[in-house]
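Engineer: Residue-level listing of the chains:
2 protein chains.
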Amino acid sequence: MKLIQYIHTHIDPKFTGELPFSVHKKQVPKGYVFTDFEEIASKVYFLAEGIAQVEILSKDEIRILDFFFPGSFFASYTSLLTKLPSDVRIRSIMDCEVEIIDYTELKKSYEFSLLANQFGRIETEKLYLRRVQREKQLLTQNAQEHYLELLKKYPQILRHIPLKDISKYLGITPESLSRIRKRIS
Amino acid sequence: MKLIQYIHTHIDPKFTGELPFSVHKKQVPKGYVFTDFEEIASKVYFLAEGIAQVEILSKDEIRILDFFFPGSFFASYTSLLTKLPSDVRIRSIMDCEVEIIDYTELKKSYEFSLLANQFGRIETEKLYLRRVQREKQLLTQNAQEHYLELLKKYPQILRHIPLKDISKYLGITPESLSRIRKRIS
Chain S
22 MKLIQYIHTH IDPKFTGELP FSVHKKQVPK GYVFTDFEEI ASKVYFLAEG
72 IAQVEILSKD EIRILDFFFP GSFFASYTSL LTKLPSDVRI RSIMDCEVEI
122 IDYTELKKSY EFSLLANQFG RIETEKLYLR RVQREKQLLT QNAQEHYLEL
172 LKKYPQILRH IPLKDISKYL GITPESLSRI RKRIS
Chain G
22 MKLIQYIHTH IDPKFTGELP FSVHKKQVPK GYVFTDFEEI ASKVYFLAEG
72 IAQVEILSKD EIRILDFFFP GSFFASYTSL LTKLPSDVRI RSIMDCEVEI
122 IDYTELKKSY EFSLLANQFG RIETEKLYLR RVQREKQLLT QNAQEHYLEL
172 LKKYPQILRH IPLKDISKYL GITPESLSRI RKRIS
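Respectively, the protein sequence lines represent chains S and G. According to this note's numbering, the first sequence is numbered sequentially starting from 22. According to this note's numbering, the second sequence is numbered sequentially starting from 22.
Please keep in mind that the hints were generated in silico from the structure rather than gathered at the bench. One thing to keep in mind: the hints can contain errors.
Note that the list lumps identical chains together, so a pair holds whenever it fits in one copy or between two copies.
As the list claims (entries may be wrong) - Straight-line C-alpha distance at most 16 Å; calculated EDC-like pairs for lysine to aspartate or glutamate: (1) 128 x 33; (2) 174 x 76; (3) 46 x 70; (4) 51 x 146; (5) 46 x 60.
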């Protein structure tokens, strides 16, 4: 899905294709760092193809916070909003095609554009809910329930993400994930 | 602070006073329930006077998630966005004056009003950051640091909120809070 289609489908069905900010397309290889630890984020990415992964450093170990799949926006949003250094790193885990919006330009368009504000509001609402849901999962779901939900939501995940990274995301050891997979198969 | 002033100061300095949705004022006594557990939220509140407290049921015990002070918006936002029953209860912990926006009306105004979308976007950004900050505090701050930060941010808190509720918010026993207070005094 392209950004233009996304806006039409998810933000404004009357959208005719004229955006109040510029967008530029980029192909990036696997392992590309969109935003690094300690970098002040300046861009919003729309993922047209591929998978991106959000990582955090916790006690000198990389933990995986989130995955993004095609047809979604991602950014180090806290860093964008606060202008503080990012405490997450966002990387491509396969070749990706992204469409890039410069946040300074987006913010300028917030001053006058209904569409830009609808877009910003709706995407922020989604990020907010994502955060709430993730918190709730951590508090209430065990690793097996969490894994099953992940599979249901992203059936393609096993084809693209190594099991050791899925276990990092679930916050368990690769051995525990193996046991879960045996149990449910 | 009144909602009208708030919009002028925080959303749009050119705001002339004509809102795209209606607002009605209400005085409520201490203990008033704005949104109850399992209720589907339908309103956004601007707190003009007083303090509101967000509570959650955790293992049959009430825990305090958040406090709201004058000059801020509050709602069971997840319930508003998802139309699912609220897992939090929001109550006044002293007499309050609120200005109420009906969410259905706000959503209608999102279809055409730049101001409504700027308002919705900016307030959602704030709620998002509040959530992120709270998560980080839970992960990285001990109770004493968290207490000191609370005092710094809301110096008036001790005058209005019983110590047992502050300890519930910090997730510690009243005795631990007493020890912290002795240590830092």
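Engineer: Please go over all the hints and tell whether each is borne out by the structure.
Structural biologist: Hints and how they fare:
1. 128 x 33: So residue 128 and residue 33 pass the 16 Å test across copies only (14 Å; inside, 19 Å).
2. 174 x 76: Neither, since 20 Å and 30 Å both go past 16 Å.
3. 46 x 70: within (11 Å within a copy, 49 Å between copies)
4. 51 x 146: For residue 51 and residue 146, the Cα distance exceeds 16 Å both inside one copy (29 Å) and across copies (31 Å).
5. 46 x 60: Neither. Shortest intra-copy (22 Å) and inter-copy (44 Å) distances fail the 16 Å Cα cut-off.
Hint check: violations occur at hints 2, 4, 5; the rest are consistent with the structure.
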